[in-house]
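Numbered continuously in the working numbering, the sequence shown closes out at residue 152.
Treat the hints as calculated values from the structure; they're not laboratory data. On a predicted model such as this, the values are computed, not experimentally measured, just so you know. There's no promise every hint is true.
[What the hints assert, rightly or not] Using 35 Å as the maximum straight-line C-alpha spacing, the simulated DSBU-like pairs for lysine-lysine come out as follows: (1) Lys80 with Lys140; (2) Lys140 with Lys40; (3) Lys76 with Lys40; (4) Lys125 with Lys80; (5) Lys77 with Lys40; (6) Lys107 with Lys40; (7) Lys125 with Lys76.
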Amino acid sequence: MGSNKHLIEAVEGRDVITLVEVARKGLLYSTFETLASYLAFTQQEWSHFLNTTLRTLQRYKKDKKPMPQPISERILQIQIIYQLGLDVFEDKASFDQWLNLNSIALGGRKPKDLLDSTFGVEVVKDELNRIEYGILA
């Protein structure tokens, strides 16, 4: 649990170097489960974000081996987005609602629907930064 606490602190502090090292080593499913328990996403949504199947996620759980770097990295990117969203909205329910609303600034898409690609994650991050600084589309 100590390493999970360290990881959560790295996400909250956006300690990119630590997160790069963690992604390179790969996250264990148990760590992913701990991190994901704070987020309002289903397993189906996670499999979409991670560009994998539910069955593959279950295999990671069963095998107890680290997940590949690209999957670990995407999990951490989404964690950072979520932390930023909580900082901006100051309320989990409001941020969860925003993730599910079509956004004019995002071409009519739901922010959550963009989390399956690195470019999408960056677009959502940029939009959260605009909201934080009052620069609305």
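Consistency of the hints with the structure:
no.	hint	result
1	Lys80 with Lys140	holds (30 Å)
2	Lys140 with Lys40	holds (25 Å)
3	Lys76 with Lys40	holds (16 Å)
4	Lys125 with Lys80	holds (33 Å)
5	Lys77 with Lys40	holds (18 Å)
6	Lys107 with Lys40	holds (30 Å)
7	Lys125 with Lys76	holds (29 Å)
Violated hints are absent here; each numbered hint is respected by the structure.
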